[in-house]
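K.L.:
Chains as they are written, first to last, in the working numbering: chain A, 26 to 410; chain B, 26 to 410.
Check before you lean on any hint, since a few could be wrong.
Heads up, the list lumps identical chains together, so a pair's fine if it works in one copy or across two of them.
Stated by the list, open to error - For lysine to aspartate or glutamate, the following EDC-like pairs were computed, each having C-alpha atoms within a straight-line distance of at most 20 Å:
id, residue 1, residue 2
1, K121, E54
2, K280, E249
3, K194, D234
4, K170, E333
5, K330, D105
For the record, the hints were derived by calculation from the structure and aren't laboratory data.
Number of protein chains: 2
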Amino acid sequence: MLFFSYFCHMKFTLHTTDVHTRARVGTIETAHGNIETPIFMPVGTAGTVKAVHQRDLVQDIQAQIILGNTYHLYLRPGLDILQQAGGLHKFNGWEKPILTDSGGYQVYSLAATRKIKEEGVTFSSHIDGSKHVFTPESVMDTQRKIGADIIMAFDECPPAMSDYTYTRKSMELTHRWLQRCVNRFDATTSLYGYAQTLFPIVQGGIFKDLRAESASFASALDREGYAIGGLAVGEPIDVMYEMVDFVCPLLPANKPRYLMGVGTPANVLENIALGVDMFDCVMPTRNARNGMLFTTEGTINIKNKKWENDFSPIDATLGGYASTHYTKAYLRHLIQAGEMLGAMIASNHNLTFYLWLVREARLQILAGTFHTWKTSMVEKLSRRM
Amino acid sequence: MLFFSYFCHMKFTLHTTDVHTRARVGTIETAHGNIETPIFMPVGTAGTVKAVHQRDLVQDIQAQIILGNTYHLYLRPGLDILQQAGGLHKFNGWEKPILTDSGGYQVYSLAATRKIKEEGVTFSSHIDGSKHVFTPESVMDTQRKIGADIIMAFDECPPAMSDYTYTRKSMELTHRWLQRCVNRFDATTSLYGYAQTLFPIVQGGIFKDLRAESASFASALDREGYAIGGLAVGEPIDVMYEMVDFVCPLLPANKPRYLMGVGTPANVLENIALGVDMFDCVMPTRNARNGMLFTTEGTINIKNKKWENDFSPIDATLGGYASTHYTKAYLRHLIQAGEMLGAMIASNHNLTFYLWLVREARLQILAGTFHTWKTSMVEKLSRRM
Numbered sequence: 026m027l028f029f030s031y032f033c034h035m036k037f038t039l040h041t042t043d044v045h046t047r048a049r050v051g052t053i054e055t056a057h058g059n060i061e062t063p064i065f066m067p068v069g070t071a072g073t074v075k076a077v078h079q080r081d082l083v084q085d086i087q088a089q090i091i092l093g094n095t096y097h098l099y100l101r102p103g104l105d106i107l108q109q110a111g112g113l114h115k116f117n118g119w120e121k122p123i124l125t126d127s128g129g130y131q132v133y134s135l136a137a138t139r140k141i142k143e144e145g146v147t148f149s150s151h152i153d154g155s156k157h158v159f160t161p162e163s164v165m166d167t168q169r170k171i172g173a174d175i176i177m178a179f180d181e182c183p184p185a186m187s188d189y190t191y192t193r194k195s196m197e198l199t200h201r202w203l204q205r206c207v208n209r210f211d212a213t214t215s216l217y218g219y220a221q222t223l224f225p226i227v228q229g230g231i232f233k234d235l236r237a238e239s240a241s242f243a244s245a246l247d248r249e250g251y252a253i254g255g256l257a258v259g260e261p262i263d264v265m266y267e268m269v270d271f272v273c274p275l276l277p278a279n280k281p282r283y284l285m286g287v288g289t290p291a292n293v294l295e296n297i298a299l300g301v302d303m304f305d306c307v308m309p310t311r312n313a314r315n316g317m318l319f320t321t322e323g324t325i326n327i328k329n330k331k332w333e334n335d336f337s338p339i340d341a342t343l344g345g346y347a348s349t350h351y352t353k354a355y356l357r358h359l360i361q362a363g364e365m366l367g368a369m370i371a372s373n374h375n376l377t378f379y380l381w382l383v384r385e386a387r388l389q390i391l392a393g394t395f396h397t398w399k400t401s402m403v404e405k406l407s408r409r410m
Numbered sequence: 026m027l028f029f030s031y032f033c034h035m036k037f038t039l040h041t042t043d044v045h046t047r048a049r050v051g052t053i054e055t056a057h058g059n060i061e062t063p064i065f066m067p068v069g070t071a072g073t074v075k076a077v078h079q080r081d082l083v084q085d086i087q088a089q090i091i092l093g094n095t096y097h098l099y100l101r102p103g104l105d106i107l108q109q110a111g112g113l114h115k116f117n118g119w120e121k122p123i124l125t126d127s128g129g130y131q132v133y134s135l136a137a138t139r140k141i142k143e144e145g146v147t148f149s150s151h152i153d154g155s156k157h158v159f160t161p162e163s164v165m166d167t168q169r170k171i172g173a174d175i176i177m178a179f180d181e182c183p184p185a186m187s188d189y190t191y192t193r194k195s196m197e198l199t200h201r202w203l204q205r206c207v208n209r210f211d212a213t214t215s216l217y218g219y220a221q222t223l224f225p226i227v228q229g230g231i232f233k234d235l236r237a238e239s240a241s242f243a244s245a246l247d248r249e250g251y252a253i254g255g256l257a258v259g260e261p262i263d264v265m266y267e268m269v270d271f272v273c274p275l276l277p278a279n280k281p282r283y284l285m286g287v288g289t290p291a292n293v294l295e296n297i298a299l300g301v302d303m304f305d306c307v308m309p310t311r312n313a314r315n316g317m318l319f320t321t322e323g324t325i326n327i328k329n330k331k332w333e334n335d336f337s338p339i340d341a342t343l344g345g346y347a348s349t350h351y352t353k354a355y356l357r358h359l360i361q362a363g364e365m366l367g368a369m370i371a372s373n374h375n376l377t378f379y380l381w382l383v384r385e386a387r388l389q390i391l392a393g394t395f396h397t398w399k400t401s402m403v404e405k406l407s408r409r410m
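Taking the hints into account, I'd like the entire structure generated from these sequences.
P.N.:
The following block contains the structure:
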């Protein structure tokens, strides 16, 4: 298997599709191991999933793939260091698959200033104000240097609820950039001896005709997987579901589908039902640092005084180290006192929950019980404890 | 053994004393397990050793006992919560021995305002400015509620290099408070079914006649162990060694000796040679958060640019998870980027190093090679890499 994967392209095997929904079970084979879908990918922005040791990602959380962020990694530690290290896997000691986003989203949301032209985007670093240019070609080269197993096309992300004219113009730019990404990607090879895969991103905002056009453009490129971008950026939740419901059937059935930046546990389940295979979101770790916990019985704001003398495990049903070894009262104390261990426990717990959720979804799909299980889980997940 | 220790007082067995120095090897038996001396105790101020999971303290760092701080725990989470939990061990999930300091040092160094009277100390919380009173009696009661295996007497800590008159006056107050601590301690019992032990603290600043008087006063109380306080507070290093060298022989040979708040790795080794058995210091964790690493080859400032492309393990010789799994370049990146994982790795590493140092010292004493080993280690430890 390892021999296969180091030298061949990523491979996706679709095992089954749910009879009641469009939920799917599959396996993605990469040079750094297999990914069982549906999957949630913890976000490791700057080469680290915040407040979690690499060992704990594997042993406690059972993560199968993590994200890295091209914008952040390009600025710090920088490509020279990453290349000297032999790529991000070697640099951070994470031996399983990595996906890097293209940095597009961060250029638009984080950079101090930015100017979008046909050629690419000029921006100032949010760290030191220094000037940089990202083009479709440079972003492909950058992701070659980072060395992720799955790399993303460089796109423009229009603001939520942009009007039709702006969204069409942006989508057409994204398509021209996508073709340039494909050209550059196919003209170059991996730097570290294992295959990389490029995922196009479907844009088109909240307009079905644009989404259809974008899905068609992307599908025609015949890549190993496809992403849906430009959602979960502030539009109403039903609009997100409507778009995903519309786009999924337009994408090749035999390729994995990745919904970028989504979302709450309920969002993940609903989108699995619509045919999505891969997810990422900062929510489990960011909310953890603010004391918000996702559990098998609902959501907990651990800062609430009611938890101060609750000496029960964080989530006894969930299992795992953080969820069962530490109590709600202790975690509340740590978060209130601003102790790092609070963020560490909460992040470990929330990610353990997210990975349990997608593993359980997979089992339920295989058992043919996904639909009823999802309905009861979404109800539970909406509870505030 | 567990039966013994839950119902009997702490027991110290002195196994051997070095022939070339006064270094000792012993075993302390407590209700929560044995402690092999000489030992370093990681500081867990507010019920957590900063940035380290309890599991990693046991498995990676091999800590045998940790500290809690009475001042911090009294203010947050508060005694009511700790008592409801069944004591600090139950509250934070640390099942091995705990020592609590008396809070005296923090009252003098952290509290916004404080007023020392014969009865005790009135102070304002550094968290919310609320008024509190610590007396020798209240501090014994507080440490009963926290439930540490070893608890410390409430003393006054005079500033470094205080003059003779102030130091004598302070020492005499500390002795009156010590007698009150003993009276209260002996008149009360453990709240959680296992024995606790009270250590008196020898004061006397940098004056030998006062130190002799204080050691004599403390020894006469015939407790299970003794601490040396009021050192490592800013006096010259040679003065600290001179005082420890002077005091140790005045303390009972068959009881453990604890030098409070010390120190650098070299300080630990030199004081082991003078007859000290127990140490604590925030240095390994605090310096870790600032990027300063203690290694088997010397001290590293990981922020230094020279480490940015050093892909060797943090300390391959030391072994253990953090020291061997992560590279210097990766740790530098994390510390530079302000990522929590940086503090987590560096804290894990530095504590692993401190615990290795005292374990190795123990082996060297047993082998009769401590003196030559210490000389070469102190030389290595002074290197800045």
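K.L.:
Does each hint hold? Answer for all of them.
P.N.:
Comparing the hints with the structure gives:
1. K121 to E54: So K121 and E54 pass the 20 Å test inside one copy only (11 Å; across, 44 Å).
2. K280 to E249: Intra 6 Å, inter 70 Å, cutoff 20 Å: intra-copy only.
3. K194 to D234: This pair counts as within: shortest intra-copy Cα distance 13 Å, inter-copy 87 Å.
4. K170 to E333: Answer is between; shortest inter-copy Cα gap is 17 Å, intra-copy 48 Å.
5. K330 to D105: Answer is between; shortest inter-copy Cα gap is 14 Å, intra-copy 49 Å.
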